[in-house]
Amino acid sequence: MKLRIALVIGLLALLALPTGLALADNGPHGGYTATTDACAGCHRAHTAPAARLLLDTVPNLCFTCHGSTATGADTNVEDGIYVDRDFEAEAPAEGDVNRGLKGGGFVYALMDTDFDGAATSSPVTSSHLNDGSTGTAWGNGNIGSGPGAANFSLSCTSCHDPHGGASTTGGATYRLLRPIPINSGAAIGVNVTDETDKIYTVADANNKYFGEGYPYTPGDTWSSMDQQEREMSDWCAQCHTRYLADSGSGSTSSGDDIFMYRHMSEGTPSATCNDCHIDYGSPPTLRTTVGPEWHHNVECMTCHVAHGTSATMTGYAAYVEWPDGSTTPDGDARSSLLRGDGRGVCQRCHGK
Amino acid sequence: MRKLILATVVVLALALTMVGLASANGGPHGGYTATTDACAGCHRAHTAIGPRLLVRSSTYDLCISCHGSAGAGANTNVEDGYYLSSRDDPPGGADGNVGAANTPDNAPLLGGGFQYYQGITVTSSHDPTGTVLAAWGNAVDRGTTADLSEGLSCASCHDPHGSPNYRIIKATVNGVAVSVDQVDEGAAKDYDTEQWGAGMSNICAACHVAYHETGADVGHDTTNQAYGGGFTHRVDMPWNGDALTDPLIGMGTNNPETVGFGGYTLPLAESGTADRVVCMTCHLPHGTSAQMTGFADPAFDPSGPQGPIPAGDSSLLRLDNRGVCEVCHQK
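Residue numbers (the numbering used here), protein chains in the order written: chain A, 1 to 352; chain B, 1 to 331.
Simulated from the structure, these hints should not be mistaken for laboratory data. One or more of the hints may lead you astray.
[Stated by the list, open to error] Derived Cβ-Cβ restraints for the label pairs, each shown as a range: (1) B:G262 <-> A:T328: 56 to 62 Å; (2) B:P164 <-> A:T328: 52 to 58 Å; (3) B:G186 <-> A:T328: 50 to 56 Å; (4) B:S86 <-> A:D324: 28 to 34 Å; (5) B:D181 <-> A:D131: 57 to 63 Å; (6) A:D324 <-> B:A187: 48 to 54 Å; (7) A:G144 <-> B:D313: 57 to 63 Å; (8) A:T252 <-> B:G186: 36 to 42 Å; (9) B:S149 <-> A:G132: 41 to 47 Å; (10) A:G351 <-> B:Q118: 51 to 57 Å; (11) B:S86 <-> A:G144: 38 to 44 Å; (12) B:D147 <-> A:T252: 53 to 59 Å.
[Said to hold, decoys possible] Here chain A is said to cover these stretches of chain B; the calculated rule only asks that three of the stretch's residues, wherever they fall, bring their Cβ under 8 Å from a Cβ of chain A: (13) 34 to 47; (14) 61 to 71.
For each residue, glycine too, the CB sits at the ideal point set by N, CA and C.
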């Protein structure tokens, strides 16, 4: 009798379990049950046209849902906008329809890069590779190891684990980010904490990208956001090793011949504490002028987007040498995934 | 409320960045818009080879990359003390030629030169290479020196991000607030003929305050005991004196700027109005090639309080020997 009661209780418990046991990153990306259907979203056991039993090669497979004309995912990463097109009705909403995606776009981006309060969809001027082709991972490697890792192949799955549960402990990570990006050479994984509620679009209705501070969810505390922002920079540095720099690195040599003095990319710029704080009580009193544009940490994502930008470069900003000393490509192609035209990202903080 | 705060922050940020609160003195020096490219003229965010994220290993090396003898980004060659209208081409940009409308090609610069001036090796100059220097009268008695608080570089006096002062002189130099009229901006820029306004001596006084004595009696009356007592040439006075000038001083009759003496002239500030003798009337701020011989050679008097002054040192004077005296006093 007791055994029967225990079995009934156990079965009831199983039925009560949520179908997405781990934090599901939408679609077929994680949170699998024992009888998940998700595998069929991307694989064919016996008739797969692409390696690893895929329906298509990466990134084409990814674009069948996340592409410009796809219908399987709301995140259109080719055009860098959020559209309401998949079969799910997200609650709470995970983005604002027709607003720019936080990462920008791979082909087009909807970004207010000149800070005039308006944005139009424009071709990207620089982006991370996503089709498996090769480039240089600038700054990859230890001090003194040259400009970076050449012939570095990059695709969507280099950074994102399509199966979710990517953390070193099997849990979810922010945007399915792998703790060790493929080919990065990193030895220790970096888990970027996932959002509690997914928000895929920028906060500003006019698509101003600067001030996003990333990842950031309304309701986050400063301390939790600090941790997540540091994790994000640590993760970028899995590939761009020598770009990771603490406060003071702008006047303290790293010892590297190329990445000798570096703008901080991880940490709080203590010199600007008074910009936001009147006092430092618990909780500290903030000035009334503080808004979401000001974030606690300066990190990679403060200035750069992850996928691609439509920022334009002219004058001095168009002719900045690459870390290997080469001078081409130049012009707009030198936009370095920045969130603003020229050196607008510098001006937003330094205000010269 | 949140939107209002955000809007306020954005408006304030835009206002601060788009007014161009400091004068744009050509090139990357001020007048920045919200999306300026100018930062990339001097800085690298991640691949800098100099402190403060500079593209050169020192401030002087950076400045010289445009303003030096072999520079290509500025018309003003401060190493050789010449204006060169064939330069001033930022990469990918139009030929700006700031000041070309008013400054002849190869004209000697108003400030002198750090290595050469008018084709001759300088005999004295301010050393802008970052060395901590002792400045004469730096809040100490005249004839004595005190170290500056930091190594002297171009950026000790000039603000590369622009300033409201003449020639982007910093608003604070050596810890001293400096205000000097900004003149000849934009199309009026003139690098070989001075258009000086008020406050020119304030620049020098930031480091050499003991010499910035403007009272009528400082040259002849024992009542002035500041900075070691003794007497010192009055500064910032009209060239032909005023009601307080000792009539025994013996000024010449010709305006030293418009007429001069012996074929030489000297620049005055507030020309045509106050016609003031300022520090730079007699001294060049960057460097001079004036020759000192005979009585004018400091080696003639080796008993100075700091020991012998190097032979031939010309104290940044504009003219050989004591030509600067003669142009005004016309003896």
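Let me make sure I understand: some of the numbered hints might not hold for this structure. Which ones are they, in numerical order? 2, 3, 6, 7, 9, 10, 12 and 14
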